[in-house]
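Asker: The primary structure of each chain is shown beneath.
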Amino acid sequence: MSMFRLSITTICPPPLDCSTAGGFVTFEGKVRTQNEGRPVEFLEYEAFEEMAEAEGRDLLQEAKDRFELEWVEAVHRVGKLAIGETAVWIGCAAAHRREAFLACEFLIDELKHRLPIWKKEHYSDGPSEWVNLQSASNTKQLTPSELAARQIVLPEVGPAGQEALSRARVVVVGAGGLAATILPYLAGAGIGTLGIVEPDVLEASNLHRQILFGHADLGRSKARLAAEFLHRLHPHIKTVAYEERLTAENAPRILSEFDIVVDGTDSLEAKFALNDACQALSRPLVQASIYQFEGYVQTILPGGPCLRCLWPEAPAEGCVGTCAQAGVLGVTPGFFGLLQANEVLKLILGFGEVLSERQLLVDLRDGSMERLRRTRRKGCSCASSKPWAGVSKALNWEVDSEQVHRWTEPFVCLDLREEDEPDGQIELGQVAWIRTPLSRFEPANALVPGQRTLLVCATGGRSGVLALRLREENNPEAYSLKGGLKAISDPIVVTGADESCLPIKDSQ
Amino acid sequence: MRIAVRYFAALREQRGISSEELETDAVTTAALFAELRSRHRFSLNEIQVRFAVNGEYVGAEHTLREGDEVVFVPPVAGG
Ligand SMILES: [Zn+2]
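Residue numbers (the numbering used here), protein chains in the order written: chain A, 1 to 508; chain B, 509 to 587.
No lab work stands behind these hints, which were simulated from the structure alone.
Predicted model, so just to flag it, every value in this text is computed and none were measured.
C-beta: ideal position from N, C-alpha, C; glycine also.
Honestly, I wouldn't trust all of these hints.
Listed next, the stretches of chain B that the computed footprint assigns to chain A, with coverage defined by at least 3 CB atoms under 8 Å from CB atoms of chain A [as the list claims (entries may be wrong)]: (1) 513-520; (2) 541-549; (3) 552-558; (4) 576-583.
Please construct the entire structure, taking both the sequences and the accompanying hints into account.
Answerer: The structure is reproduced here in structure tokens:
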């Protein structure tokens, strides 16, 4: 009988209860004094209990079948744990030791990965946040580029853009009606890290517009519910749930962890606080405000025009209606949240025009939209803000022909064009040019480990996607010719493609 | 002169319509708003509302011209 349980008290390892087993392996995971260089005082674990127990039981059964275990049990702690306490205990028994060792390692890896358990580290040098354990593990599921295949095709995205999205760190302040569309669409686009700042628990009146949540979630932390929702969409995402109200005091600590801030709040006070904090920290702020069926969206860049350029002093809270007083349909914040997600994507990918100089007013009653030009106000404090540093883009796998000509290291060109496309080689300084149609491409045959490889195709799309995928599969020497063969304005064409070139692997 | 006016958010609610064309002698944006405020009993005053003319935010003392399109934008905070 395999058994998994959660325990709120100190774990007492169950006795080995299996006389047919010859090998018995146990594992204990303990709370240690340090995490990523920060001194830990104590830890807290919290589980989505029903799900965790069901998932744990399934996992133990899977390990039992897979490794032919005679016996298996596991216990995971929840609640507050001091340094030195056991956080997780796993015991496996098999006829022989090898299966027991393997099963035990498999179980600890998978438990961390699959169980909806949250960890909060309390550091002696500062506060902490809840981190979903699932995000800390490496999933063996779809790669981000596979998930994003439909958007990588867009010239505005491409592999470079997709990489920028996966590096981006975006925080949404307020997990309400706006966040209900902001968060899932940012997750879907492949944003690597999403923060959620929200102190409240779910109430019944939230459900009509906050569609990330359901009836069973009432009373639970919205920040963590949102993070769990995003994990179900994309296990790759790192989520950080801040169960606190954003204040002038905690804003620097929280917001400086992110590249872009999205305003999902519903009070003037919060909107002005975010404006001021983002100007001080040089972060773009994507803001939306709604009233019944109307609203506006704008992006406030460091240096303005900012919210205080229009309203030097925050208007009194009483002179605007909140959604609670004025009423709102769920679709309204949903619609404006989508526009905010779109602003974030434009900021990261650099296409189109962000609403930084204009404010977009929308009336959902008649579908009318209007853009109002906003200007900097002389003497506004935003004038002294440092410009945004942007999302870090170390996108060095895309190279143009000039960069390639400067390479001193020998490299081969893999021409990914299909057989029905034009052929012909281009002189870029390569030691070999090999036609390897993408439809028949197999990394194991086409790549030599450590050998620099330049992938080329007609326009750089296919080669870019492949280069990104190969990089993900640990081929740091895979490059893509940016813009493809079309981008080379004055090519030196070597006539007669040599399709009989030996696969480079044969040279080893 | 004739001016086209659009009311946003709470002002639309209080006016009951989202836009109208009207005749006015008001010289500035703030004066036009003050005139409409007393006519329609808006809860917000000239200091609490922002004005846009022909697609651009302008100050309270902006001079109006025949045919201008004015938008009155109150503070909005819902989300
Ligand atoms: Zn400003």
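Asker: List, from low to high, the hint numbers that the structure doesn't satisfy.
Answerer: Hint 2 is the one this structure does not satisfy, whereas the remaining hints hold.
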